[in-house]
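Input sequences plus hints: build the corresponding full structure.
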Amino acid sequence: MIKHQYEKLELIAFMGALCLFFSTIEYLFPKPFPFFRLGLANLPVLITIKLFPPGYVLLLVLLKVLGHGLINGTLASYVFLFSTAGSFSSAIVMLAAWHLCRNHISLVGVSVFGALASNAVQIFLSVTFIFGRSAWIIAPPFMTLGAASGVAVGLFAARFAEQSRWLATVRDYYAPS
Amino acid sequence: MRPRKPKPPNRLRQQLSASHLFLTGGLLLPAYLLQPSLSVRIGQVLLFSGLVYLAGKRIMWLYFAIMVASITFFNLLTPIGRVLVSIGPLQVTSVALRNGLMKGFTIVGLVFISLFSIRPDLRLPGKLGGLVARVFFYFERIIEGKKRIEARRLIGSIDDVLTELYVPGQQKSEAVVQQVSTTVLGYALMGTLIGLNWLLLFI
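Listed in order, the protein sequences are those of chains C and P.
Under the working numbering, the residues of the first sequence are numbered 1249 to 1425, in order.
Under the working numbering, the residues of the second sequence are numbered 121 to 323, in order.
A portion of the hints provided could be inaccurate.
Quick list of the computed label-pair ranges, beta carbon to beta carbon [as the list claims (entries may be wrong)]:
hint : chain 1 : residue 1 : chain 2 : residue 2 : range
1    : C       : L1373     : P       : P128      : 27 to 37 Å
2    : P       : V203      : C       : V1399     : 11 to 21 Å
3    : C       : H1352     : P       : Q134      : 50 to 60 Å
4    : P       : L319      : C       : A1423     : 55 to 65 Å
Straight line, CA to CA, 25 Å or less: simulated SDA-like cross-link-like pairs of lysine to any residue [said to hold, decoys possible]:
hint : chain 1 : residue 1 : chain 2 : residue 2
5    : P       : K266      : C       : R1407
6    : P       : K177      : C       : I1319
7    : P       : K177      : P       : L313
8    : P       : K266      : C       : Q1253
9    : P       : K223      : P       : A151
10   : C       : K1298     : P       : P156
11   : C       : K1256     : P       : F256
12   : C       : K1256     : P       : K177
13   : P       : K223      : P       : F256
14   : P       : K223      : C       : F1330
15   : P       : K223      : C       : L1373
16   : C       : K1256     : P       : V160
17   : C       : K1298     : P       : L274
18   : P       : K223      : P       : G276
19   : P       : K223      : C       : F1390
20   : P       : K267      : C       : S1412
21   : P       : K247      : C       : Q1253
22   : P       : K247      : C       : L1373
23   : P       : K267      : C       : I1319
Quick caveat, the hints were computed from the structure, so don't treat them as lab data.
Beta carbons: idealized from backbone N, C-alpha and C, even for Gly.
Here it is, written out as structure tokens:
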């Protein structure tokens, strides 16, 4: 059954709010470095990849970065540029991983791909616009931490997808198997 | 655990509408970026930090201090200009130091401009603006349920809140954004800020 576009957009808006919510929870976790982020806000994106076509997923990412920029007031700063580039590259790579290897990849794998893409783009931007070429030395530890955070978020997403009654209802309504 | 300090009140919100505040930030931006003097730029950053405080937001000073220090450090790794001092193998050169500080303070100032000039009730145009308003509508409701989320039963408690807030096919559109108008004092503040920052370019 094809649902009305309004309903789908409504769920995407709700998922956008969930991204903002998870990013507020993220501040509860200790950070090893000031620039490091766990990426919990990616959880709704990971879940949506399994439910909706790529266009809706990219719309969700746009809502996530705009909402974050408005709430934190970073919309007109380099933080927004970094967040947008990181989030979109991550979403594109996660979508590609999911659609190309659908039967051979778990949410953990998709999440690790996304985290690595996001970190690679953010390192490139910080070297190009902020720190200069000398900053390439931060790349190996940053990518390692990115992979670790990708595993953590992926494991949480997989557990949430398995245990959540709410997600089961949403899945049955929007993407019945 | 030490109790968190309460957030300062948002005094700019009482005087300026979200769109006028955004316009102020936008008009300040070129004057700030074109400023060639390092000392004036540091002064502008301090002024913007005051505005961030007036906007009711806290500044994580340590975060920004680390940011300026690290940007300056990475610039010093490529020596340019007269050697000012040598710290072990690191030569602190005049041009590299100035460039590093200028870049570091520029970035911090941009964040401060963004922090005081952008707030959640800024209405973006078109369908996308409507969707962003819906995101905030749901976000407020999820935040209301945040107190019920337990760390020991994380997924279960999040699930309870979500089940209560979003039932597929039963959503009603009721996002309302309360708009604030600009006062005479707000217009005066807007003019002074823009005028002062542009004037500093020519002094």
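Verification of the hints:
1. The hinted range of 27 to 37 Å is satisfied by C/L1373 and P/P128, whose Cβ atoms lie roughly 32 Å apart.
2. The hinted range of 11 to 21 Å is not satisfied by P/V203 and C/V1399, whose Cβ atoms lie roughly 46 Å apart.
3. Taking 50 to 60 Å as the suggested C-beta distance range, the pair C/H1352 and P/Q134 conforms, at roughly 57 Å.
4. The given range of 55 to 65 Å is respected by P/L319 and C/A1423, whose C-beta atoms sit roughly 59 Å from each other.
5. Proximity of P/K266 to C/R1407 is assessed by CA-CA distance (about 20 Å); at most 25 Å being required, the pair is judged to hold.
6. Only pairs whose Cα atoms come within 25 Å are accepted, and P/K177 paired with C/I1319 is accepted, the gap being roughly 11 Å.
7. For the hint pairing P/K177 with P/L313, the CA-to-CA distance comes to about 19 Å; that is within 25 Å, so the pair holds.
8. Between P/K266 and C/Q1253 the alpha-carbon distance is near 29 Å, which puts this suggested pair outside the 25 Å criterion.
9. This hinted pair checks out: P/K223 and P/A151 have alpha carbons roughly 16 Å apart, not beyond 25 Å.
10. Restraint check for C/K1298 and P/P156: not satisfied, since their Cα atoms lie roughly 51 Å apart, outside the 25 Å limit.
11. For the given pair, C/K1256 sits about 17 Å from P/F256 by alpha-carbon distance, which is consistent with the 25 Å threshold.
12. With a C-alpha separation of about 35 Å, the suggested pairing of C/K1256 with P/K177 is violated against the 25 Å cut-off.
13. Distance hint between P/K223 and P/F256 is unfulfilled; the C-alpha atoms sit about 34 Å from each other, more than 25 Å.
14. For the given pair, P/K223 sits about 17 Å from C/F1330 by alpha-carbon distance, which is consistent with the 25 Å threshold.
15. Our distance criterion of 25 Å between C-alpha atoms is met by P/K223 and C/L1373, whose separation comes to about 15 Å.
16. Our distance criterion of 25 Å between C-alpha atoms is broken by C/K1256 and P/V160, whose separation comes to about 51 Å.
17. For the proposed pair C/K1298 and P/L274, the alpha carbon gap of about 22 Å is at most 25 Å, so the pair holds.
18. For a cut-off of 25 Å, the pair hint linking P/K223 to P/G276 is broken: about 47 Å separates their Cα positions.
19. Restraint check for P/K223 and C/F1390: the C-alpha separation of about 22 Å stays at or below 25 Å, so the hint holds.
20. Proximity of P/K267 to C/S1412 is assessed by CA-CA distance (about 19 Å); at most 25 Å being required, the pair is judged to hold.
21. Annotation: proposed proximity of P/K247 to C/Q1253 holds, straight-line Cα distance about 13 Å (limit 25 Å).
22. This hinted pair does not check out: P/K247 and C/L1373 have alpha carbons roughly 30 Å apart, beyond 25 Å.
23. Our distance criterion of 25 Å between C-alpha atoms is met by P/K267 and C/I1319, whose separation comes to about 20 Å.
Checked against the numbered hints above, the structure violates hints 2, 8, 10, 12, 13, 16, 18 and 22; every other hint is satisfied.
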